[in-house]
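From the two separate chains plus the hints, produce the assembled complex.
Read top to bottom, the protein sequences are chains L and F. For the first sequence, our numbering assigns the number 1 to the initial residue and increments by one for each residue that follows. For the second sequence, our numbering assigns the number 1001 to the initial residue and increments by one for each residue that follows.
Certain hints may be false.
[Unchecked claim] Derived list of chain L stretches under chain F, where covered just means 3 residues or more per stretch with a C-beta under 8 angstroms from a C-beta of chain F:
(1) 124-132
(2) 142-150
[Said to hold, decoys possible] With a Cα cut of at most 27 angstroms, we get these calculated BS3-like pairs of lysine-lysine:
(3) F:Lys1006 x F:Lys1071
(4) F:Lys1006 x F:Lys1213
(5) F:Lys1026 x F:Lys1006
(6) F:Lys1026 x L:Lys123
(7) F:Lys1109 x F:Lys1129
(8) F:Lys1129 x L:Lys123
It should be emphasised that the hints constitute simulated quantities derived from the structure, not laboratory data. Bear in mind the structure is a predicted one, so any value in this text is a computation, not a measurement. Glycine included, every Cβ here is placed at the ideal spot set by N, Cα and C.
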Amino acid sequence: MIELIDTYWLYFLVGQYPHGPLGGLALTLILAVLGLLFAFPLGLVFGIARVSPWRSVRWPVTALIQVVRGTPLLMVVFWAYFFLPSLTGQNTDQFWTMLTALVVFDAAYLAEIIRAGIQGIGKGQTESARSLGFSYLDAMRLVILPQVVRNMLPSLVNQFVATIKETSLGYIIGLTEVSFIATQINTQVLTRPAEVYLLLGLTYFILCFGLSRLAFWLERHLQQRTMAKAHA
Amino acid sequence: MIQIEKVNKWYGSYQALVNVTESVAKGEVVVVCGPSGSGKSTLIRTLNRLEPIQSGRIVIDGVDAYGPHVKLNAFRSHIGFVFQQFNLFPHITVLENCTLAPTRLRGLKPSEARDEALTLLARVGLAAKARAYPGELSGGQQQRVAIARALAMRPPLMLFDEPTSALDPEMVGEVLLVMRDLARDGMTMVCVTHEMGFARDVADRVLFMDEGKVLERAVPSEFFARPEHPRLRQFLSDIRTPFAEAA
Ligand SMILES: Nc1ncnc2c1ncn2[C@@H]1O[C@H](COP(=O)(O)OP(=O)(O)O)[C@@H](O)[C@H]1O
Ligand SMILES: [Mg+2]
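Isolated chain F (complex conformation) (with noise of 0.2 angstroms):
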């Protein structure tokens, strides 16, 4: 599903991404983590052309993304992208924001936009809330929403960038849970996210990233029980005991 070939990101002379080659197959669930600024919202953000890249391949689905002739636009509308700060679309409703792209892009009739949205709706569970606008909602919903919206265009691969990093705690169950769903329903994902109890019941594969490169790779089970790795021992001891620093 998703090929990364040597793939080499700069901002400026500050390299983000060094030598990065991955591969997910298809209906795999991978979650990435790593310490702040190590590159996961770099590497995820390249998959659908959000960053460029200076060198390498990336080929999803059999599009090579940055070849001379990828649609764009077609290609990013088969990729579903959630954001850690949801990003809804605050001036139209909540059935709105789901249907906005279908009718546009997939040349759905507003009835038949209407009626999937309605359903993908119901599967977050916020069906009742399909005439309210984000703003009324709170922010375990607004994600929710978020993944529906993402979910209309119907593409067989969803990329996450910590969307749950932004919510209150006792928000976070409620949009793992959707996203342990999708897992379940054999959905391709690539999750960057901290929330180690759902990269050991969910993922597949976990990746730890430090500056800006894939330092380790490994079935849950392996990765949580023998780290390699002497950056990813620290890490998983550091957020085990997130206040051992401090104290």
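Pulled out of the complex, with its shape left as it was, chain L reads as follows (with noise of 0.2 angstroms):
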């Protein structure tokens, strides 16, 4: 195992960088980062547009979540990688075309999300700020989504996790995130399987079970923040 480490790790780390592509774990990572970043906003749009008061927003924003979600993201993947270039007219690259897809099947759980987190604000909230002359959008903006955005930090940082976890899928488009830089190693060293898969589930884990606990300490945190407060 310990040689297999000394051997591979960089290859594993960052892929063929500086001689080709950046891979591996690096480009895990920065796709997870940037699939947020990108599904953060759209996201919050379409949580705003799930509880619009205007049908006009509300129903096809509904429509296009719920189809979403109830499609497992190697779909997204595919209608990504077959879908894109037809729509775009050139060629989309492995990288851009699972960035779009992580974008797209995020945006619509966080929106889900973040359609709860505005829900749960009472609507005397609502209330106040409009009746002191704030316009809905306003209201929305400067008063209910900074509530919203600081309850929900536990589930963006689980949202990550679940990101990380399915960047593996770009492996099937041949992208060369960490999981496919596992079975390139795998199929050079060709008689130790176990040990290399056994290093790549080490890794999710390691990452994974990391954020879980920030979550899980983000949670209890900011509750004990709000107890602290309401028995002050």
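Shown next, in the form of structure tokens:
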């Protein structure tokens, strides 16, 4: 195992970089971070649209979200892979394909988290903002959403964990993220698949478990703060 | 200041306001009381259009509230509203609660808004709490901040929907004191409240509501000394001896 790590650690971490494209664990993390970063504003817009008082806004977005949530990510990846080029008229590389799929998929899930968060804030908040003279959208932006986002920090970290795991599906379209690299290593070594995939599994686990603990800690921390306030 | 003409309101098939006609003069303090579910909140919430009405007319400061040309947000910003549950914004400080609307909606500079807010907070006795978060305050303090926040928009009219009903008894006084001070200052006020001491001392007129109708209206001395409607007599004896029914 040690020699395995000794030989392949750099390949595992960054793929063929700098002699080829960046890959490995670095690519996995970059995809996950960018995926969440782009999915968040989109999810925010979708989440707000989900609870919009205007039907013409609410319905199409609700339909889109239900379709995406009712679809395995693998299908979304395929759609992006085959559909995106015919839409844009040019070939999309694996990175952008995967990123698009992740953003659409995560945005749908984030939208539901945000919708629940908005509905969890008492209607007294909206009413008091509106009675001061704020418009619906200002009440959302200045009063409701800041509270929602603060409450959903733990969910965001958990979504990041999910996104990290989701990037492994990039394997299907030949994206050189960490699972793909592990498979490459396995093909080269040939004799030690158990160890290779154990290392891969451990890598995912340490990353995701660590982040889950962070989410848990955040949740408790936020809870304690509200409790402390309530009892003050 | 307020004209309410033949207002009817339904929640589905339930009629919550029945042909209500009232008016409130500038500088007048009107207390609205009545049993729970009689439509007091509904009435006061129709005044700033938190609830729509199905027929009738409400004119406030010359503006037809339900007219076709009313600018809803501007209209509302001229009416202070204080809720039973305070509804302060918990994610920002007391001071920011009082400066948010003035900076965004009145176009004040942050420093101006801050100075005005501090003056108002001092007036409700909470200047020292400007940097605290709402969750760190007692109920009575929160309600006083809520009043300061509403005042920060400089409304010529203040509406109160049971502002002391969610408070522990020992905090009721501090909130009523602030309201009394406002009334003395000439503010036009409509207060839904069961604080009969406040009604007696501060109100110019008291209205009694039951089942969506205003059954009686009188100056406080008349209202309490010579209640005419039997429902009002019943109501007054109930709140004077709250345990009579149980006994
Ligand atoms: N949003 C609503 N939907 C349906 N019925 C309501 C709603 N709000 C109030 N009501 C009903 O209207 C009546 C008057 O309520 P309300 O104005 O809150 O009374 P009060 O403030 O005098 O206690 C009650 O019977 C109540 O159940
Ligand atoms: Mg009420």
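- Is lysine 1006 of chain F within 27 angstroms of lysine 1071 of chain F, Cα to Cα? holds (23 angstroms)
Three-residue Cβ test at 8 angstroms for the coverage of the region 124-132 of chain L by chain F: holds (count 8)
Hinted pair lysine 1026 of chain F and lysine 1006 of chain F, Cα distance within 27 angstroms: Satisfied, since the Cα-Cα distance of roughly 21 angstroms is no more than 27 angstroms.
Worksheet item: Is the straight-line distance between the alpha-carbon of lysine 1006 of chain F and that of lysine 1213 of chain F 27 angstroms or less?
Response: Given pair lysine 1006 of chain F, lysine 1213 of chain F holds - Cα atoms ~11 angstroms apart, limit 27 angstroms.
Q. How does the coverage statement for the region 142-150 of chain L fare against chain F, requiring three or more residues with Cβ below 8 angstroms from a Cβ of that chain?
A. With 5 residues close enough to chain F, the hint holds.
**Asked** Going straight from one Cα to the other, do lysine 1026 of chain F and lysine 123 of chain L come out at no more than 27 angstroms?
**Response** Outside the cut-off at roughly 31 angstroms; violated.
Does lysine 1129 of chain F sit within 27 angstroms of lysine 1109 of chain F, going by the straight-line distance between their CA atoms?
Holds - the C-alpha atoms of lysine 1129 of chain F and lysine 1109 of chain F are around 22 angstroms apart, at most 27 angstroms.
*Below or equal to 27 angstroms on CA atoms is what counts here, so check lysine 1129 of chain F against lysine 123 of chain L.*
Satisfied, since the Cα-Cα distance of roughly 26 angstroms is no more than 27 angstroms.
Hint violations for this structure: number 6 only, all remaining hints satisfied.
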